[in-house]
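Once you have looked at the hints, place chain B on chain A.
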Amino acid sequence: MSERVNEKKKSPKPEAVLPSLGPLGMLRWAWTQLTSMRTALFLLLLLAVAAVPGSLFPQRPANPAIVTQYIKDHPDYGKILDSLQLYDVYSSAWFSAIYILLFVSLIGCVIPRAIAHYKAMRSQPPRTPARLSRLPEYGTLVIPADDGIPASAAISDAAELLKKRGYRVDVRDRDGARPSLGAERGFLREVGNLVFHTALIGVLVSVAAGGLFGYSGQRILVEGDTFVNTLVGYDQFTPGTNFQSSQLQPYSVQLDKFDITFDRESKGKFGQPIDFTAAVTTKENPDAPAKKEVLKVNDPLSLGGTSVYLTGNGYAPVVTVRDGAGNIAMQGPVVAKLQGENYYSSVVIKVPDAKPEQLAFAGFFLPTAFVTDKGVSFSGDPELINPQLTLNSYFGDLGLNAGSPQNVFELDVKKLTPLNARNLDTKGIVLAPGSSYTLPNGKGSISFDGVKRYIGVDIHHNPGQLYALIFALLAVAGLVTSLYVNRRRVWVRTGTHADGRTLVEYGLLARGEDHRLAGEAAAIRKLLSEEWLLGEETTTGSQPAPSTTADNDRADTAANGAGGTHATPEQPAEDFIQSTAGSSESKKDQ
Amino acid sequence: MLFSINETMGQYSELFMLLAAGTYTVAFIAFAWDLAKSSKMLRAVDLKAAELAAQTTTAEAARVPVGVGSGTAGGDVDRSDADVSGPVGRAERPTSAVSGRGTAAGAGQTADGSMRYAGERRAPARVAVALTVLGAAIHAAGVITRALGAGRVPWGNMYEFLTTGAFVAVAVFLLVLIRRDLRFLGTFVIGLAIIMLVAASIAFWTPVGHLVPALQSYWLIIHVSIAVMSSALFTLTFAMSALQLVQSHRQKTIAAGGADKLGFMRLVPNALSLENLSYRINAIAFVGWTFTLMFGAIWAEKAWGRFWGWDTKEVWTFVIWVVYAGYLHARATRGWTGTRAAWLSIVGYLCVVFNFTIVNQFFNGLHSYSGL
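In order, the protein sequences belong to chains A and B.
For the first sequence, this note's numbering begins at 35 and goes up steadily by one.
For the second sequence, this note's numbering begins at -4 and goes up steadily by one.
Just chain B, with the same shape it has in the complex:
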């Protein structure tokens, strides 16, 4: 059953995609502004707190030398208080310090370790999220008009994978935002969406067209949509794992008395919270990827007569599955949690990207028709 092609719809779709990319660009700037502004504000709060600390300490015991400034403030405070106002406390987000430890650094706070929304309003972040919602709405219109123009699901070639994939990534991000304050991931997710849209429009532009017979199956709808959604989730966890590594390094540096060079990381929850949330999202995405693999095998059996044939795409789907299975096992293995697990999550995502870009374009295989 073939629907006819509507070129006008296709052109509308391309216009929507451009508009969406433009809106995302403004949202990206707003997210970046939020990071910059918040870290500046936090620094100011730090300075104030440090001054206060300096005053009280000097008043209490004048012989204890105290360095003034965000980097060294409270450096000589008694170790038992260290987790309250000392270096370790500083490595955490202010709110987690508030709820967990009772520090007074309340201004400029974001979500706490559980990544719930805190009371503090961050105007730039709110603007950024609003713009993202607007961009996603336009983007959705672009995806829908593309589907109407082609008379089928909008994921039959690289252009469509990229545009629809970017939409799903943004949509999943916005959905998670309802429950959790992950706005610190905004620059990353929106930046990626912009790159995907630009790449789609420049390098992979394809006019609306029919599907080749091999793709004309309801399994295309099931198999590819689950793959795209899992990939969107993997995108989030990749960003969180990368931040986790940075944060964990920063926490260690600060705990050892080093200077805090990455002030903006105070907006990001502590490494353990990041690890826990990315584990939960990875678990969902892993189940999704298992379905991708299985439904792919069922479809392969229907289309090619064998459910598994070590086609390049199958190989890489399998590799990704095994890497994330390794990640899940690592979380239950002593000595493999934390940093090592985060690396596995990152490697897994790099495989996803490799599978989508390099394998689709440069490796010959049965999936090649799904390329350009």
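If we strip away everything but chain A, and leave its shape as in the complex, we get:
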């Protein structure tokens, strides 16, 4: 009984001639297939499978450099994966095909269902079945003759009670011998279902809109620096497809001070940063008054329709480089790129203005320098306890005059001549704050003036995200409604027995999953009993076991536990009213 057999329709007899479909028929067939639940389910599962490779392979949108490296590291299949768009899974043709098909299928499913539901909501509850005893929930009540409640009054009472309980009620044949009513509630279930699916489309559209009209960018700010929201203000900028530079509102953010708190308490995570606080001064536009604000992780700034996020930080040693002529060729903070533990960072200084020859430095910055016995230096602490710059120096043509862009964090030393290096007699340059070093051969000098901190900020503008949130909330509301509102139908039929008693029978049917149908039947029974002041003896045993039917649409074949005066569907009180009231008018409703 518990097996829901997957009935395969027998294929038509071989001699039967199949009607030809024709092009329109084919289209209709394809549409029916696409919008079928089975296809939707298949596409849904396919979407889950298709999303997985994106977590297995590096993705370009997340980090293009890693993808390039990955292809280099795997010469055998790296390129093949690329041609299969496995580095751009979520914008790939196949991934897009799956979700677009899924959403087309979804629309094709939602629209007809919405129309059908609209009609259902405007129509009367279905007519009363001839045999209520065949419904998954069924029960009978008897009103004694001396209570003076005729069949018509009983049906009116029942209608009133059900209306109060939120049912839409339709009374049939009120003054006949066998009055009955049909009632239905829970239309919100399907509404919730439709809202959920429609809202998912809304989320998708919002995300797409964000990609069209949004933009994002990065900028590094050393303490004292100011960022102005213009295209040149960004270190890196990613516009949306429909971006226009006029969208940028020229607000400004100045980094006044950046503080980090390091963990000095726990043994396991000693020296781990536990708080980042950036004190900034902002202006909504060049003429607006300056405003002091605090930027933290998880607490972005909101400015000019964008949000500014604190995403990185590090040290920026301040250096002064003089060229061979003794003139200052470069002065200021140099952003050191994080390389390892405790802010062990790499430093590249390019001095194209040095004369007669251009100078360059590459090396490391250590906030708390330590050197092992083997001569390997490392940083022992993230804070500036013993800051140190260790540099190699070079001279020659930096290749910057040609105008081709270079990575400021990398130095190509192939065309340069080394001046200082560990393997040369001149050795490397080691500087503490306040100290300076004169380069060999009169090429100039470098001095380490101090250390500042810098922060990396991400600036994002996504006009779609508010709508995505609204649609997501709608989707959740729809989901909860569709799962927890139950659509139920109740029918009640009354009749008067020859001896004057009024007999009441009722049946309940759920559409879709409803494990609380039995509880509803018991509640209605209780309400009716209280209304007619029926004694305990007619209401005892009205606590049936909960419905075990999975789907009450199919419930007529499934068994249902019930006890006491509650007749079970297997052993119905054989046409209760017919046998007692002896009326034949019940045929009318058939």
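Keep in mind the hints are simulated off the structure, nothing from the lab.
Bear in mind that the values here come from a model prediction, so they are computed numbers and not experimental data.
Yeah, the Cβ is synthetic: ideal placement off N, Cα and C, and Gly gets one too.
It cannot be assumed that every hint is accurate.
What the hints assert, rightly or not - With a straight-line Cα cutoff of 30 Å, these simulated BS3-like cross-link-like pairs (lysine-lysine) come out: (1) B:297 x A:330; (2) A:461 x A:325; (3) A:449 x A:198; (4) A:371 x B:297; (5) A:291 x A:486; (6) A:486 x B:43; (7) A:449 x A:389; (8) A:291 x B:43; (9) A:317 x B:297; (10) A:325 x B:35; (11) A:486 x A:303; (12) B:297 x A:326; (13) A:303 x A:389; (14) A:326 x A:291; (15) B:297 x A:303.
Claimed, not checked - Which stretches of chain A does chain B cover? Using the computed rule of at least three CB atoms under 8 Å from a CB of chain B, they are: (16) 69 to 80; (17) 258 to 266; (18) 323 to 336; (19) 408 to 418; (20) 542 to 553.
Just chain B now, kept in the frame of chain A:
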């Protein structure tokens, strides 16, 4: 706002965790004992019933050959009675047979198909539940002292996810036990809790510490707690779906006249009841997972500037959501209910486990800091 760390509290917490694991181990043994004892008792009842059946049948019609023994008893009984005393009836739990069909096999009964408690007392199971409650109380003390020691919510790293997650799984199990007799899941849930506690103590042990700034947000409390609770519910439905597959296979075998090799499965409700209850729990957990996904996106927007970026953890959270959405749809699709839906529920849970273990440790992504 940072609270200072209290190492002593942390040490107390670890002691509590060990004690809880020990108590759970005893509870596990008790649950296993209950399964063994009950199935033995049921077999004895079967034998008795079979003897009775054999006697009556021989008395009524001596020419009908009747095999004596639990495996073949009543095998030749008229088909119309088959669901009462025949093979199909045997595939069900005795109580469901009692309430639904009126068989006499009353002894050793557990809950019926609706998984309500039946009158019969099962001493080992009661001991097991009592021990589980005790273990959970100690476990709760461990989780609370951990929170006090670290001065924050106790779910900031793998050690804490495992210890707190195990607690939530046990707590959810105990809460469901108030309403439904799911004691047949005891060995599974408690076994899993023990594995999680042991793994936490051995492989992922981390002393109490502060959170990195990226995790310092009230969204950590909301997002992670809902994720852990949904996962606990998914754990229950995984076990029920797995049992459903076994039970459905067993019911089919027995209905076809095969031998009942899995006697202890008589303690487990029939496949349809399992499917229905796991659907209801999965529906709650799915709503929870939807919130996990949404709140995660809102937090991601606050922390990283985008609400969705296909980070590995996001990908797997999405995959899990889609698989369970598939499960819910499967329940409404002809030919996909029953066994297929159960497989989807199992696949979904495997994704949850994968997301928690493999993705956290071996996949690089923005969520990596939440790992060790």
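Now the hints, each set against the structure:
Among the hinted pairs, residue 297 of chain B with residue 330 of chain A is consistent with the structure: their alpha-carbon atoms are about 10 Å apart, no more than 30 Å. Using a Cα cut-off of 30 Å, the hinted pair residue 461 of chain A and residue 325 of chain A is violated, with the two alpha carbons roughly 49 Å apart. Annotation: proposed proximity of residue 449 of chain A to residue 198 of chain A is violated, straight-line Cα distance about 89 Å (limit 30 Å). For the suggested pair residue 371 of chain A and residue 297 of chain B, the alpha carbons sit about 25 Å apart, so the restraint of at most 30 Å is met.
A distance of roughly 9 Å separates the Cα atoms of residue 291 of chain A and residue 486 of chain A; the hinted pair therefore holds under the 30 Å criterion. Proposed proximity of residue 486 of chain A and residue 43 of chain B is contradicted: the alpha carbons are some 88 Å apart, above 30 Å. Taking the CA atoms of residue 449 of chain A and residue 389 of chain A, the gap is near 17 Å; set against the 30 Å cutoff, the hint holds. Between residue 291 of chain A and residue 43 of chain B, the direct Cα distance comes to roughly 85 Å. Violation of the 30 Å bound is thereby established for this hinted pair.
The hinted pair formed by residue 317 of chain A and residue 297 of chain B meets the criterion: a straight-line CA distance of about 21 Å does not exceed 30 Å. A hinted pair counts as satisfied when its Cα atoms are at most 30 Å apart, and residue 325 of chain A with residue 35 of chain B does not qualify at roughly 78 Å. For a cut-off of 30 Å, the pair hint linking residue 486 of chain A to residue 303 of chain A stands: about 25 Å separates their Cα positions. With a C-alpha separation of about 20 Å, the suggested pair residue 297 of chain B and residue 326 of chain A falls inside the 30 Å cut-off, and the hint holds.
With a CA separation close to 48 Å, the supplied pair residue 303 of chain A and residue 389 of chain A exceeds the 30 Å bound. For the hint linking residue 326 of chain A to residue 291 of chain A, the alpha-carbon distance of about 11 Å falls within 30 Å, and the restraint holds. Taking the CA atoms of residue 297 of chain B and residue 303 of chain A, the gap is about 25 Å. The hint holds against a cut of 30 Å. For the segment 69 to 80 of chain A, the proposed coverage by chain B is satisfied: 6 residues have a C-beta within less than 8 Å of a C-beta in that chain, meeting the threshold of three.
Restraint check on the segment 258 to 266 of chain A versus chain B: 0 residues with Cβ-Cβ distances below 8 Å, three needed, restraint violated. Check on the segment 323 to 336 of chain A: 5 of its residues sit with their Cβ under 8 Å from a Cβ of chain B, so the three-residue criterion for coverage holds. Here's how the segment 408 to 418 of chain A fares: 0 of its residues keep a CB closer than 8 Å to some CB of chain B, so the rule of at least three is not met and the hint is violated. With 3 residues having a beta carbon nearer than 8 Å to a beta carbon of chain B, the segment 542 to 553 of chain A meets the requirement of three or more and the stated coverage holds.
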